Amino acid sequence: MATNAIDQTRRMLSLVTYLRERPGARVGDVARAFGITEDELIADLDVLPMCGTSFRGGDLLDIDTDGDRIWWHNPDDVAEPLRLAADEATALLVAARAVSTLPGLREGDRQALLRATAKLEAAAGEAAGASSRLSVTFESEGGVFADVDRAIAERRRLWLKYYSPARDELTEREVDPIRLFAVGHTYVEAWCRLSEARRTFRLDRVAEIKLLDAPSDPPPIELRDLSEGLVQPAAEDPEVVIEVGPGGRWVAEYYPHDTAEELPEGGLRITLRTPEPASLRRLALRLGRDGRIVAPQELADSAREAAARALAAYGG
Amino acid sequence: MAIAKAERLMNLALCLLGTRRPLTKRELRGSIEAYVEAFGPGDGPAGAGDEAFNRMFERDKDDLRELGMVIETVEGLEGDTGYLARRDSNRLPPITLDAEEAAALGLAAKIWQQARLAGAASGALQKLRAAGMPLAAEDEGPYDPAQPHSALEPRIPAHEAAFEPLMLACRDRRPVVFDYRKANAARPEQRQVEPWILECWRGHWYLAGWDRDRQAERVFRLSRITGKVRSRAGKFTAEVPDHVTVRETVESWAGETATGTARIKLRADHGYPLRARALSVREAGEDWDELEIPYGHGLDAWLVELGPDVVVLEPAELRADVVDRLRAVAKG
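First to last, the sequence lines map onto chains C and G.
The number in my numbering is simply the position in the first sequence, starting from 1, with 2 added.
The number in my numbering is simply the position in the second sequence, starting from 1, with 10 added.
The hints are simulated quantities; they were obtained by calculation from the structure and are not laboratory data.
Any given hint could be a false lead.
[Claimed, not checked] Once the Cα atoms are required to be at most 20 Å apart in a straight line, the calculated EDC-like pairs of lysine to aspartate or glutamate come out as:
hint : chain 1 : residue 1 : chain 2 : residue 2
1    : G       : LYS15     : G       : GLU88
2    : G       : LYS192    : C       : GLU267
3    : C       : LYS163    : G       : ASP279
As the structure is a prediction and not an experimental result, all values here were calculated from the model.
Between the sequences and the hints, there should be enough to build the whole structure, so can you do that?
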């Protein structure tokens, strides 16, 4: 994590308090307790001896390390635990409340979160007030979540009946679950034994789920960085160009895209890549007069043809 | 090389926390090497560096207040202003968390992908750690698959540029102005808003607040805010309600508020989500089922996605909407 001056200052103030209570603390332990790398900790320890209640009075913090242990030779009572700032209370409380309302979370975890939240609210006092101005809700299917969670803990394979919106069909498959994550919706990342590839399944699209007795044995794979977004098209995926009017601008909000050029009258020309352009037929149908597929031609044709067939059922 | 900002802030914090009496700006300037180096000790006649020092000093104090420090200002100190951070108003009240609670908070703190809140969450954990919060079992060794906690990684994205300024404006109850493009609008329009709360639902952020021009409560989607969010001077003019209903508003946008029922024919093995929320399903000849489903604003758009695999039977208005949409696509 890039260190900015504010975060570093905040951390060093806590560090001083922490070190006062633990003479000879080990570098590795302190770094772990603070959630930072040893290099970051050493960088902090380089700054601290330049700090004090007055450099002219010669009362600088006499903190040093031999690279293994850390010593503070003139511990001072300036180092008391500091009250939480409004943003700090908000960051923890909003997150704790969001996770504690996730359907399917283990009851033990939920209770621990609720206890921690109550203690935190009490300790934060006034600083907790602003946390009500930020709120996060995760969507999850409680029963499916609990089964996936259990499968991961017990290292068991799962059988899924899963809905694919792109093909409008249910498929059955066995998967080896790797992790659960929530980004708005809740997902399970798994090794799919049907396609022998990594797949991400949205829990509200799981129509049926069963825990199997077979052990889960996903091949070792590097976990994806979720901050990059869930959909990460490959460079070789075919390109799709969509032009929308003002009423179709939402497409740019929901579909990760390469470019979105403004058109006259408030429209957009959106270029995106997808491994399966046919899956966008649904989008083409939905857009109606708010947009149209420019390329590839086959996709535009298939939407037109599907609409014509559908109209036949209404007598043209 | 100039002395790093973190070192300067740390020294200012320690000076203010360490003193029992208010210190004047002049004393602080003379005590902190970073200030002396940049602006001189300030003990001579008023000089060119004074203005720049004052600006930096004000910013530094604001930064420390953002970190939660309570810095008191005492007037009339030999005609000068004095500053101090009293121990009792800066101390964290006693808080005892067990290892399970610590683990739960550790999981929750990882949720933020937005830099300011991620920093604040780690900072909060560090303060709690300094106050004695134990390490969670997971922090002590390598990942243990038999650990008793949910194997969950929750994440909250907040990529919208408007997020941070609006979060601060909600926190500080400051009116704002921004350009906003409504879902169907060709151009953005300027909105003057008293921001109440930010809510994240299904991974998207929304702002609820008082729209000053419309004199009404409104919900805004952050991704539709174009350009900068600017603060306005002055206070809120409308009362902030106890309960704000962002989610209900967004659900009605998304067409999830049912106001009646519809009857449709659906091809066998198709349209699973419609089947999952159907009120009734019965066979309707070879290869087709007939369903009764909740009907609300936006259902036509969902149905039309299924193309020839669905036929609307009633109500007539839904049938007409779907046909109308299909015609637009068929024309190309």
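To see whether the hints hold, each was checked on the structure:
Proposed proximity of G:LYS15 and G:GLU88 is contradicted: the alpha carbons are some 30 Å apart, above 20 Å. As the CA atoms of G:LYS192 and C:GLU267 are separated by approximately 14 Å, the hinted pair is consistent with the 20 Å bound. Taking the CA atoms of C:LYS163 and G:ASP279, the gap is near 13 Å; set against the 20 Å cutoff, the hint holds.
When held up to the earlier numbered hints, the structure conflicts with hint 1 and nothing else.
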